[in-house]
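S.K.: Here are the chains, one letter per residue:
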Amino acid sequence: MSGSLVKLDEQIVSTPVSSVNLTGMTSDYDVYVVQGNNISLDTDADLLCIRTLIDGTQQTASSYDKAGMLLKANTTFQDIHGTNADFWYLDMILGTATQEIGNFTTYCFNFGNSSEYSFITMESTFRNTHSVLQGIAGGGIYKVAEAHNGIKYYAYTGNIDTNSRFVLYGLKK
Amino acid sequence: MATLEELQVEAAAEIEAAKPLFKQVNNERLEFSSADYDQAVTDLANSKWNEQQFGYIQARQEGYGSIADQLDMQYWDKVNGTNLWQEHIAQVKSDNPKPA
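Heads up: the sequence lines are chains A and B, in that order. Going by my numbering, the first sequence opens with residue 1, and the numbers climb by one from there. Going by my numbering, the second sequence opens with residue 1, and the numbers climb by one from there.
Just chain B, with the same shape it has in the complex:
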């Protein structure tokens, strides 16, 4: 698990490699100012941090079946004595683990 400082170093290297970066102002394509580049490094590092720390939340939300599907699984589990719903939830959680 990378620290925020390590991710900032990584981000700085990636932004350096990606230069030149451009913004569009008044329909002119302008290269970033040094302040823009500094902010881009900060933003990229923060995005990496958020993905590392919290990306699993979004991934789990997308992985879970809809409420209707989950209720259907629970109904059939009750009828058939199966364990489909619990297995589904466990699978999504294990596919998208929470950072230690």
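Excised from the complex, chain A in its bound form:
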């Protein structure tokens, strides 16, 4: 049925790893969705980062732009933006205390299209490294016209911890 989500890949971290690669994106779907649940990192004040993949190889051109709003429970919201980085990061800064975990949804557009830029939107909620409840609504674009058949989530400096769960869905045309 059009509009259904088709589960393509699920990865649950059983032993800490630096990165999790989700693959299997093709032109079969126009839109992919990645759900992250129970995301935790093993290094304090570390950051969850994202890169596109081509056949398992991470793309590192300085062509990742992002913009969004960091929603802070304890103070004024913060505009976040950046251009020409070599990865996307949407300011999900986690710590190592028990409750400092995150959940997110990433929508991936044009990943299977070699003549368009790939872009994502991301919404998340998390307790940050100071145990403050925060959220992010934003997105990013990778300014290289090429097809990507995967997406990589990785910790900026440490590891993604045990029981972090990543699920890739295709949105049926």
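Everything labelled a hint here was simulated from the structure, so no lab data went into it.
SDA-like mimics (lysine to any residue), calculated; alpha carbons at most 25 Å apart, straight line:
1) A:Lys173 - A:Glu123
2) A:Lys143 - B:Val41
3) A:Lys7 - B:Glu28
4) B:Lys93 - B:Ile57
5) A:Lys143 - B:Asn50
6) A:Lys7 - A:Ser114
7) A:Lys72 - B:Gln58
8) B:Lys93 - A:Thr75
9) A:Lys7 - B:Val25
10) B:Lys98 - A:Asp79
With the hints as your guide, set chain B onto chain A.
M.R.: Same frame as chain A, but now just chain B:
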């Protein structure tokens, strides 16, 4: 203040010491390829550089009171002839200095 080249050497030593590093692909835990290790060194060096050069910006943003609190400080400064707001801003700046 370290140069980027010095930080790259530092990063290479740290990655070497941290080996083996792993990635998860198709629910398999695989050791990094040599290209992954090279990229990890680059990423770590860049993160050190960014922290050194720009870390104070984030630290200051987290250190400043909310706009509402700052406006409240300014109101009471006006009423009481105190200097709380300016002292607050100066303290956050001096606690998180801009790199020379």
